[in-house]
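Participant: Each chain is listed here by its residues.
Number of protein chains: 2
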Amino acid sequence: MSRNLLLTLRFDGTAYHGWQWQSNAISVQQRITEAAQSVFCEPIKIHGCSRTDAGVHARMFCCNFHADKEIPVDKIPAALNAYLPRDISVYQAEERAQDFHARYSCIKKEYVYCICNTKYRDPFLENRAYFYRYPLAVHDLHDAAQAFVGTHDFSSFCSSGSSVEQKIRTISEFSVTRNGELVLFRVSADGFLYNMVRIMVGTLLDVAEKKFFARDIPNIITAKNREAAGITAPPQGLYLNKVFY
Amino acid sequence: MSRNLLLTLRFDGTAYHGWQWQSNAISVQQRITEAAQSVFCEPIKIHGCSRTDAGVHARMFCCNFHADKEIPVDKIPAALNAYLPRDISVYQAEERAQDFHARYSCIKKEYVYCICNTKYRDPFLENRAYFYRYPLAVHDLHDAAQAFVGTHDFSSFCSSGSSVEQKIRTISEFSVTRNGELVLFRVSADGFLYNMVRIMVGTLLDVAEKKFFARDIPNIITAKNREAAGITAPPQGLYLNKVFY
Chain A
15 MSRNLLLTLR
25 FDGTAYHGWQ
35 WQSNAISVQQ
45 RITEAAQSVF
55 CEPIKIHGCS
65 RTDAGVHARM
75 FCCNFHADKE
85 IPVDKIPAAL
95 NAYLPRDISV
105 YQAEERAQDF
115 HARYSCIKKE
125 YVYCICNTKY
135 RDPFLENRAY
145 FYRYPLAVHD
155 LHDAAQAFVG
165 THDFSSFCSS
175 GSSVEQKIRT
185 ISEFSVTRNG
195 ELVLFRVSAD
205 GFLYNMVRIM
215 VGTLLDVAEK
225 KFFARDIPNI
235 ITAKNREAAG
245 ITAPPQGLYL
255 NKVFY
Chain B
15 MSRNLLLTLR
25 FDGTAYHGWQ
35 WQSNAISVQQ
45 RITEAAQSVF
55 CEPIKIHGCS
65 RTDAGVHARM
75 FCCNFHADKE
85 IPVDKIPAAL
95 NAYLPRDISV
105 YQAEERAQDF
115 HARYSCIKKE
125 YVYCICNTKY
135 RDPFLENRAY
145 FYRYPLAVHD
155 LHDAAQAFVG
165 THDFSSFCSS
175 GSSVEQKIRT
185 ISEFSVTRNG
195 ELVLFRVSAD
205 GFLYNMVRIM
215 VGTLLDVAEK
225 KFFARDIPNI
235 ITAKNREAAG
245 ITAPPQGLYL
255 NKVFY
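Protein chains in written order, with our numbering: chain A, 15 to 259; chain B, 15 to 259.
Hints should not be assumed to be uniformly reliable.
Intra- or inter-copy, both count: the list cannot distinguish identical chains.
Calculated cross-link-like contacts (lysine-lysine; reagent style BS3-like; alpha-carbon spacing at most 25 Å) [to be verified]:
| id | residue 1 | residue 2 |
| --- | --- | --- |
| 1 | K83 | K238 |
| 2 | K83 | K225 |
| 3 | K256 | K224 |
| 4 | K59 | K83 |
| 5 | K256 | K83 |
| 6 | K181 | K133 |
| 7 | K122 | K238 |
| 8 | K256 | K181 |
| 9 | K133 | K238 |
| 10 | K83 | K122 |
| 11 | K225 | K89 |
| 12 | K83 | K133 |
| 13 | K89 | K122 |
| 14 | K238 | K256 |
| 15 | K59 | K225 |
| 16 | K238 | K59 |
| 17 | K122 | K224 |
| 18 | K133 | K256 |
| 19 | K89 | K133 |
By construction, these hints were calculated from the structure, which means they are not laboratory data.
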C-alpha cells in the first residue's frame, strides 16, 4: 500500500502564478510535482493546503501525496530540494494516515500581511512587503480589526471567481502590530475565502485613509457584498505563516 | 559655490559588481552617478565611503558629491530614487562642509556577516545570507573572535590585489550572536582592508570545523601573511551596516 506523505515547505512566491497548477504559467504545485516525480519515479498527484495567489509567499505551506517508492522520510526533503529551484525549500516530510488531506484535514491557518511603512522603499523588502509611505496608526488599526473576529459570513471579503458556496468562517485572532518599519497584520481562521486577507487588509487601509470609519466594518460584513468592502491589498505583502492539523 | 552633499543609501548588492565603477560591469556607483547627473543636470563625481565587493549588501552606505544646482535637501532622496532601480534606495541627503569626504572623514564602520545556520536553505535568504548547514557553537566563535579586537597589523586578513600600504587597523568590537536560524558576526573598526571581514569570518568557520584552534588566531595575525589565515567567506552574507562620521 502506498504511503501518504505530508511535506512542509517554504516558498518565495515572486516568480510563481500562485500554488495552483496553471496551463499557461509556472506554479509552485507544478515545481513540487515535477520534483516528486523525479525523486519517486512514479506519477504523483499533490494536494496543497490552500491556493495562494500569484506573488503571495509561504513561510509554511503543507501538501500531501501518495507514493509507493520506499524512501526514508528523513531523506525526502534533501532529495526533493535537489530538484527544486532555490525559491522553494522543503524542510520536513512525515508519513500520515491514509485519509489525511492537506486541505480538508487542516483545522486552522495563520496568514501575516506585511507592510513596509517608510517614506522610502527598502531594497531588501522589494517583492516581500507592501510599501506604504503614509504613517499608520497601528493601535487604531488593531482596534478596527477586532470587528472581523468571530464567526461571520465573509461574502463581502471574497473576490468574484470563487466557486465556494459556504462563506461562513471563524476568525480566532486578528492583530495589527508594529515592528520597527514593518506593520504586521496577523490573522488566524478555520479557513479563508478567495482574497479574504487581502480585502480585509485593504479595507483597514481604507479606514486609515478615512474612506471608511472603523464603526462601518460590521455593516460591511452584514452587507455580504464585495462592493461594500475596500480595496484588495497587493499580493507581495501576504505570507501563509502557519498551518495547523 | 557648489554644495557638498552627503547621501545615505541602502542597496541589495546581488545584481552589482560592487560599489566601484567598472568598465565592463554594472556598479552601484555608476547607478548613483547616472541618477545624480539626471537630477542635477551637471557632471557629478561621487565619492563612496568604501569599496564593497560584488554581491555584498549595504543597510547603510554613504557617499558625497559636489553640485551647483540648488535643490532642497529634503527633495533630493525622492528625486534620485525616481531614477534608481529598486535595489538601491536613497533615504537621506544632507549638506556638509566643503572638506567633508565620505571615505576620508569616516571614523568608524560596522559590518554584519549573516549566516543562515539551518539544515535546509531558506528561500527568503537566497543571496542575502551564507547558507551553512552544520550547527555552529556561537559562544565558542564569539570567544575566538575576541583575539581580533584591538590594534593589529591585519596583513593576514587582506586579499592580494590591495594597493593599501598601511595595514594596521583597530577593531573596537567583534561579537558573534544567534538570532533563531541566523548567526550574526558584527565587527566595528576604524577601517577595513580588502576582504578583511570575509577572511576573519572564514577563519572563524575554519575554527568551527577544527582546521584551526581558537588559540591559533593571535599567531595568524602576527604571521602577516594571507596564506596563514582561513578561507574568504562568500560575499552574499556581508552587509555594511553603519557608517560613522
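Participant: Next step is simple, just say for each hint if it's right about the structure.
Facilitator: A quick look at each hint next to the structure:
no. : hint           : in the structure
1   : K83 with K238  : neither (48 Å within a copy, 56 Å between copies)
2   : K83 with K225  : neither (57 Å within a copy, 40 Å between copies)
3   : K256 with K224 : neither (32 Å within a copy, 38 Å between copies)
4   : K59 with K83   : within (14 Å within a copy, 63 Å between copies)
5   : K256 with K83  : neither (29 Å within a copy, 53 Å between copies)
6   : K181 with K133 : neither (38 Å within a copy, 40 Å between copies)
7   : K122 with K238 : within (23 Å within a copy, 59 Å between copies)
8   : K256 with K181 : within (22 Å within a copy, 50 Å between copies)
9   : K133 with K238 : neither (36 Å within a copy, 46 Å between copies)
10  : K83 with K122  : neither (31 Å within a copy, 58 Å between copies)
11  : K225 with K89  : neither (53 Å within a copy, 29 Å between copies)
12  : K83 with K133  : between (54 Å within a copy, 24 Å between copies)
13  : K89 with K122  : neither (28 Å within a copy, 47 Å between copies)
14  : K238 with K256 : neither (28 Å within a copy, 51 Å between copies)
15  : K59 with K225  : neither (45 Å within a copy, 47 Å between copies)
16  : K238 with K59  : neither (36 Å within a copy, 60 Å between copies)
17  : K122 with K224 : neither (32 Å within a copy, 45 Å between copies)
18  : K133 with K256 : between (30 Å within a copy, 20 Å between copies)
19  : K89 with K133  : between (46 Å within a copy, 12 Å between copies)
In terms of the numbered hints stated before, the structure departs from hints 1, 2, 3, 5, 6, 9, 10, 11, 13, 14, 15, 16, 17, listed from lowest to highest.
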